[in-house]
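Letter by letter, the chains look like this.
There are 2 protein chains.
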Amino acid sequence: MSSTPDNDVPDPAVRTYLRTHRARFLDDLTHWLRIPSVSADPDRAGDLRRSANWLVAALRETGFPVAEVWSTPGAPAVYAEWPSGEPDALTVLVYGHHDVQPADRADGWDTDPFEPVARDGRLYARGAADDKGQVFLHTLGLRAHLTATGRTAPAVNVKLLIEGEEESGSPHFAELIAARAERLACDTVIVSDTGMWSPDTPTVCTGMRGLVDGQLDLYGPDQDIHSGSFGGAVPNPATEAARLVAALHDEDRRVAVPGFYDGVAEPTDQERALLAELPFDEAGWLRTAASHATLGERGHTTLERIWTRPTFEVNGIHGGYGGPGGKTVVPATAQLKFSFRLVAGQDPARVQRLVGDWVAERLPAGIRHELVFWGAGTRPCLTPLDHPGLRSLVRAMGRAFGRPVRFTREGGSGPAADLQDVLGVPVLFLGISVPSDGWHSVNEKVELDLLLKGVETAAYLWGELAADRRDGRW
Amino acid sequence: MSSTPDNDVPDPAVRTYLRTHRARFLDDLTHWLRIPSVSADPDRAGDLRRSANWLVAALRETGFPVAEVWSTPGAPAVYAEWPSGEPDALTVLVYGHHDVQPADRADGWDTDPFEPVARDGRLYARGAADDKGQVFLHTLGLRAHLTATGRTAPAVNVKLLIEGEEESGSPHFAELIAARAERLACDTVIVSDTGMWSPDTPTVCTGMRGLVDGQLDLYGPDQDIHSGSFGGAVPNPATEAARLVAALHDEDRRVAVPGFYDGVAEPTDQERALLAELPFDEAGWLRTAASHATLGERGHTTLERIWTRPTFEVNGIHGGYGGPGGKTVVPATAQLKFSFRLVAGQDPARVQRLVGDWVAERLPAGIRHELVFWGAGTRPCLTPLDHPGLRSLVRAMGRAFGRPVRFTREGGSGPAADLQDVLGVPVLFLGISVPSDGWHSVNEKVELDLLLKGVETAAYLWGELAADRRDGRW
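Heads up: the protein sequence lines correspond to chains A and B, in order. In case it helps, the numbering used here puts the first sequence at residues 52 to 525. In case it helps, the numbering used here puts the second sequence at residues 52 to 525.
Because the hints were derived from the structure by calculation, they are not lab data. All C-beta atoms in this analysis are idealised placements derived from N, C-alpha and C, irrespective of residue type, glycine included. Wrong hints could be hidden among the right ones.
[What the hints assert, rightly or not] Rough simulated footprint, nothing fancy, chain B against chain A, three-plus residues with beta-carbon under 8 angstroms:
1) 259 to 271
2) 296 to 308
3) 351 to 358
4) 369 to 376
[Unchecked claim] Pairwise CB distance ranges, derived in the manner of DEER restraints:
5) B:R404 / A:D171: 52 to 58 angstroms
6) A:D94 / B:D92: 38 to 44 angstroms
7) B:A91 / A:P415: 30 to 36 angstroms
8) B:D158 / A:P415: 28 to 34 angstroms
9) B:G373 / A:A96: 25 to 31 angstroms
10) A:D268 / B:R70: 52 to 58 angstroms
11) B:D313 / A:P309: 37 to 43 angstroms
12) B:D158 / A:D332: 53 to 59 angstroms
13) B:D158 / A:D408: 37 to 43 angstroms
14) B:R349 / A:A327: 48 to 54 angstroms
Given these sequences and hints, build the entire structure.
This is the structure we're talking about:
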């Protein structure tokens, strides 16, 4: 894919605009980051409302003719739209979220997580990268787009949907977008809630894995019993939980549930070639993973394993005695917390059914089980590599960064797939966060020069998309 | 084996003596049970000393010319001896313990565990069955033996060793008996710390399983990491713990560690025949086990599995997230608490070595492990079925109960094996507790008529042993 500048937004004008408006932009973002919009904390419901109202005001000031709070049974979302006015213009829906992960100075933060501090070219605060910074870049990006092109409305119809429960698993999101599908109708979704490979390697994410997760409780004896008196003659739920876990992988570390891989394609030669373009360094990757070796499905590289292959993972296993020393019991119960990551071709509902049947068939008499999935699961999503919007995005990013843009994927899962499925359009990912940004961890930050490159990408993107439309490529 | 009365203790005289001394005996036992000699509780060290001193006084009153407290680095033991005075008399060492399990009224006891209550022919108190009642029966048994035979000293040399740390794993016991082996020298040990099949089926236990137990800690990532970003590409210690557990059994539920069964013999036809004499009722046994099905090594009955076969059991498994809902992490660590029960032919030190090697070979790169065994393990012990002392014991018990005596074993493990190994003599088990007595549980009790049958058995036993010696059978 080329980075040919085929658009109507002159680069120097954009850069001049960003230089002169950068300080005010960061000042505004800092105000927003001070609102502790922690969706997991019921005591923060008022802060979620404050955060949504603050964003609505900021979007109106940006120029959005429509900006409103959308209530949900949980935390509110923010919706805004700015029609292009051009006949036949593309419609783009930007997705992000204004809620943040919990954060407490006492967890090990160097400074107060809700008192943003700019230091060494970084802005430290909870939500700086995940996701307020990446949402807010679209305000300055849009203003730069208008100023540099002399337009009074964007070159495409721009819609924004900024949810308030992403860090709590988006419990009301699918319902919300289904109920508002007509207003949200668009040609593509731009998700600004992901990252790129590294500060030196701008990348576009082209997919996220899906997720099926849940809990399995096994019940054996009515209470813990003596392992001397009874051990070896009755089923032990901890042993059975372990046997299930072990049986879930075959000798090639593939998931052994029959039918699990139905519909899953091996990475294509093109996909493998794109992955090979990334400057992958195993030792560095292991440091990021805080791990001491790689291990996974035979026949696949590390990047293929985390991005293109489905997995089964134990998130927690608990049963029996866990105190100091020993206690010779056969435990009464054991509990497994687990997650499956899914890739294109897999359906969460079908995977839940396959796993449920498989578990039920494998447990011996005397072990009762309760299997619960956390909701309906999350579908995987994948941007087709030949999608015209992906080419537009790559060109915009290439102009902003002045480097070749590579392709990544996201091993995690998110509500992007809901947008893809409910609205029936492809999803593009515009994210400028880097692995060191500390999502969900202490000392979360955003790199200010990368944030401004994101603003610049957004400023070019609307023109690139409009040019593609105008020239008949979309 | 016959129940022929081949001895010098006339039954009616014993029974008359017991009738007239029963009230005083129970009154004394009640006093002892009031002392909360909980060895696991450091605050009860004074009560352990009181309990030991009380027993010494009671043994002196019984007539033991020697009765003393033996200090250990932990709780004290009690030692006593009463020489027969007969030339060439056998020497018997009675083993029991005066410490008890923790107990608190709030755990669900109907009455105070340290305020004994006699009700419906039972005496309820912590330690009533395990083990003060079964220790104390030897005092009245010995007096009845003397009175009924007109002797001033027992027909055999009687020694008693009553330890104070059995409920805490006997941490100083092996050391104690090794240091005092000369004074403890004997022809056989009588362990009075086990039970019999049921109130209607008097039995003699002929063996206990050995024990190797410990803890395995597995370390993967340096902290919990995101299962979406990294899952499927790095080793997961919870998964590896589960795979070890699963691999420890083969498809026949036999322990799969190579060499584990070396030296283990299948039950002989005689042993199987003796087990078949027991009125085993699977539904009733499952109720006692609080379990809902049997499961174990293929090709063996439930009783063979718990008494004659070695096992591996998970006592606890813990790793990763265990709170409400889900958390999609690859856990940093996982911990396994485990126990192996051993049978005749197996050596704890060798099993520890085999298990250590097996674990080390199976873990993938990136998983560090720490394996700790709780001490040197406990050896199995087994009374030879043709041992003359066993015949004496069976006759004594048959006279007391007026029924055929069957044979059981004990699935658990105890310090009996230390006595067997250090003193180099066979161990016999004289126990009258029944499965409903609530050892280590709430509302522990002893059945008073069975306790008195135990007294009566002890009263006959010394004469039976002396007769066997006199007649050249031992």
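Evaluation of the provided hints:
{"no.": "1", "hint": "259 to 271", "result": "holds (count 6)"}
{"no.": "2", "hint": "296 to 308", "result": "holds (count 4)"}
{"no.": "3", "hint": "351 to 358", "result": "holds (count 3)"}
{"no.": "4", "hint": "369 to 376", "result": "holds (count 6)"}
{"no.": "5", "hint": "B:R404 / A:D171: 52 to 58 angstroms", "result": "holds (55 angstroms)"}
{"no.": "6", "hint": "A:D94 / B:D92: 38 to 44 angstroms", "result": "holds (41 angstroms)"}
{"no.": "7", "hint": "B:A91 / A:P415: 30 to 36 angstroms", "result": "holds (34 angstroms)"}
{"no.": "8", "hint": "B:D158 / A:P415: 28 to 34 angstroms", "result": "holds (31 angstroms)"}
{"no.": "9", "hint": "B:G373 / A:A96: 25 to 31 angstroms", "result": "holds (27 angstroms)"}
{"no.": "10", "hint": "A:D268 / B:R70: 52 to 58 angstroms", "result": "holds (55 angstroms)"}
{"no.": "11", "hint": "B:D313 / A:P309: 37 to 43 angstroms", "result": "holds (38 angstroms)"}
{"no.": "12", "hint": "B:D158 / A:D332: 53 to 59 angstroms", "result": "holds (58 angstroms)"}
{"no.": "13", "hint": "B:D158 / A:D408: 37 to 43 angstroms", "result": "holds (41 angstroms)"}
{"no.": "14", "hint": "B:R349 / A:A327: 48 to 54 angstroms", "result": "holds (51 angstroms)"}
This entry satisfies every hint, going by the numbered hints stated previously.
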